[in-house]
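Residues per chain, in single letters:
2 protein chains.
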Amino acid sequence: MVLNDEQLAQFDREGWLFMPELFSPGEVAVLNRAARRIFAMDREEVVREKDGTTARTAFAAQNYDEACRRLGRHPRLVGPVRQILGGDVYMHQFKINAKAAFNGDVWQWHQDYGTWARDDEMPEPRAMNIALFLEDVTEFNGALMFIPRSHKGGVIEAGHDLQTTSYPLWTIDNATIARLVEEGGLIAPRGKAGSAMLFHSNLVHGSPSNMSPWDRTIVYLSLCHVDNHIRRFKRAEWIAHRDFTPIEALEDDCLMALVDEIAAAE
Amino acid sequence: MVLNDEQLAQFDREGWLFMPELFSPGEVAVLNRAARRIFAMDREEVVREKDGTTARTAFAAQNYDEACRRLGRHPRLVGPVRQILGGDVYMHQFKINAKAAFNGDVWQWHQDYGTWARDDEMPEPRAMNIALFLEDVTEFNGALMFIPRSHKGGVIEAGHDLQTTSYPLWTIDNATIARLVEEGGLIAPRGKAGSAMLFHSNLVHGSPSNMSPWDRTIVYLSLCHVDNHIRRFKRAEWIAHRDFTPIEALEDDCLMALVDEIAAAE
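First to last, the sequence lines map onto chains A and B.
Position 13 of the first sequence, counted from 1, bears residue number 85 in my numbering, the numbering being contiguous throughout.
Position 226 of the second sequence, counted from 1, bears residue number 298 in my numbering, the numbering being contiguous throughout.
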């Protein structure tokens with residue numbers, strides 16, 4: 073899994089790179105079962121929507137679920153990010169966003185690095201997300217929207233929104249969003265389950281609510297160059313990790329191997 | 073404006089008919105200016121979102137705005153509905169739904185006739201909406217979603233939702249929506265400003281919130297066969313009209329003529 077020059081140029085210019093069907097249906101099935109298990113857990117890392125029951129996001133599952141542990145070290149995700157960031161990376165955050173059928177709430181317009189800088193004192197935007205779709209993302213189930221090229225202006229002023237959803241977020245005002253969209257347009261990448269979206273940590277994005285009968289689960293690995301680790305430990309360890317050990321990628325077949333291991337153990 | 077056999081067959085089978093660019097950009101501009109004027113008015117017919125400021129929907133503007141008066145008698149809207157309902161129609165409701173940029177809230181899953189039957193005692197579903205887009209409807213700005221063929225099962229059980237938005241609505245439960253979508257799928261017609269969507273009054277539909285920087289204003293004419301007028305006057309007259317006079321359509325150029333008249337008067 074090595075990005076070519078054209079991909080690297082697009083990422084630099086537009087701030088994103090979409091990789092259709094990077095994972096197979098079999099691998100996705102393993103991860104989707106893991107996500108259902110995790111969302112059913114009663115633990116502080118699983119944040120609920122305002123309704124108090126629907127899972128909104130589950131943090132740090134690489135620490136308590138074997139499929140997620142392997143995904144967090146998967147060469148198809150870690151490789152491209154290592155390549156772009158130019159060296160060893162550690163896991164700053166790992167989360168599964170549910171955007172559940174009928175009840176999945178919005179994520180307001182924001183930059184990830186905005187939060188990492190303000191809350192965690194991450195020195196530079198030498199960190200990024202790679203997002204893996206666990207279901208088909210369609211026009212109906214709350215696709216992520218990104219403002220291309222919005223990563224070029226650095227960290228944008230933001231307000232800490234504690235009201236709109238159950239999860240606090242540094243969000244960008246409407247006038248700024250309108251200006252950025254005027255300049256860069258808007259995209260909402262869709263694709264089959266198993267597709268991945270890699271995006272710059274300053275790329276402005278958000279997602280609408282999901283009122284369709286289809287879940288739209290996405291796993292996010294937020295990977296950070298080891299030299300660029302956070303300096304402030306304000307947020308819970310399971311939200312902003314404090315283990316800066318370089319990730320050693322596993323074998324490419326690590327997820328399907330898990331299926332065999334489980335079958336052999338039964 | 074006469075629907076052909078194929079269109080009539082599709083409407084009967086699927087419950088909807090999309091008519092791309094039925095109105096010209098010039099006509100749309102006249103109506104869009106009217107909508108901005110109306111949303112800025114401080115009157116009870118203009119319902120605000122939960123934020124108390126953003127316009128959500130404006131009722132009965134055909135009674136206080138000349139462009140809307142003409143639109144409410146426009147042959148390109150009234151004609152197809154007369155044809156389908158088989159005779160004279162009156163205006164049961166006229167509304168402009170704003171779905172404003174950034175702040176436009178959802179319309180939950182519902183049937184229009186469900187409300188007209190329960191609240192207004194309209195005897196039969198011999199009434200329907202024709203909806204006119206005043207801006208381009210895209211994947212970003214909260215397109216209406218319809219469940220094809222869901223009009224075939226009559227009135228579906230519903231609960232009166234007074235909580236979710238600023239406007240009360242008879243809404244259908246998630247399990248039923250999931251079943252209907254399993255059977256009929258889901259569509260979200262998109263198109264240029266000036267396009268129109270005609271749909272059966274029992275066709276289940278809803279629309280997500282709009283977090284894009286683009287408004288998505290739609291005018292709805294709810295036309296009812298004159299024999300089928302409502303029997304109960306529970307809701308305000310400006311929501312559920314009580315004037316059952318048959319609509320006499322104006323000339324096809326009535327909207328552009330208004331531009332000339334205004335210019336001549338200045």
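Everything labelled a hint here was simulated from the structure, so no lab data went into it.
Bear in mind that the values here come from a model prediction, so they are computed numbers and not experimental data.
Just to be clear, a hint being listed does not mean it is correct.
Given that identical chains are not distinguished, each listed pair holds provided it fits within a single copy or across any two copies.
To be verified - Capping the alpha-carbon separation at 25 angstroms, the derived lysine to any residue pairs in SDA-like fashion look like this:
(1) Lys122 to Asp245
(2) Lys122 to Asn175
(3) Lys306 to Arg105
(4) Lys224 to Ala81
(5) Lys224 to Leu75
(6) Lys224 to Gly278
(7) Lys122 to Glu333
(8) Lys264 to Tyr162
(9) Lys122 to His182
(10) Lys122 to Ile334
(11) Lys122 to Pro92
Status of each hint after checking the structure:
1. Lys122 to Asp245: both (22 angstroms within a copy, 19 angstroms between copies)
2. Lys122 to Asn175: Result: close both inside a copy and across copies, 9 angstroms intra and 18 angstroms inter.
3. Lys306 to Arg105: neither (32 angstroms within a copy, 50 angstroms between copies)
4. Lys224 to Ala81: The answer is within: 14 angstroms in one copy meets 25 angstroms, while 52 angstroms across copies does not.
5. Lys224 to Leu75: Result: close within a single copy only, 21 angstroms intra versus 51 angstroms inter.
6. Lys224 to Gly278: So Lys224 and Gly278 pass the 25 angstroms test inside one copy only (17 angstroms; across, 37 angstroms).
7. Lys122 to Glu333: neither (38 angstroms within a copy, 53 angstroms between copies)
8. Lys264 to Tyr162: For Lys264 and Tyr162, neither the intra-copy (28 angstroms) nor the inter-copy (47 angstroms) Cα distance is at most 25 angstroms.
9. Lys122 to His182: both (20 angstroms within a copy, 23 angstroms between copies)
10. Lys122 to Ile334: Neither: 36 angstroms inside a chain and 51 angstroms across chains, both beyond 25 angstroms.
11. Lys122 to Pro92: neither (32 angstroms within a copy, 39 angstroms between copies)
In summary, the numbered hints that this structure violates are 3, 7, 8, 10, 11.
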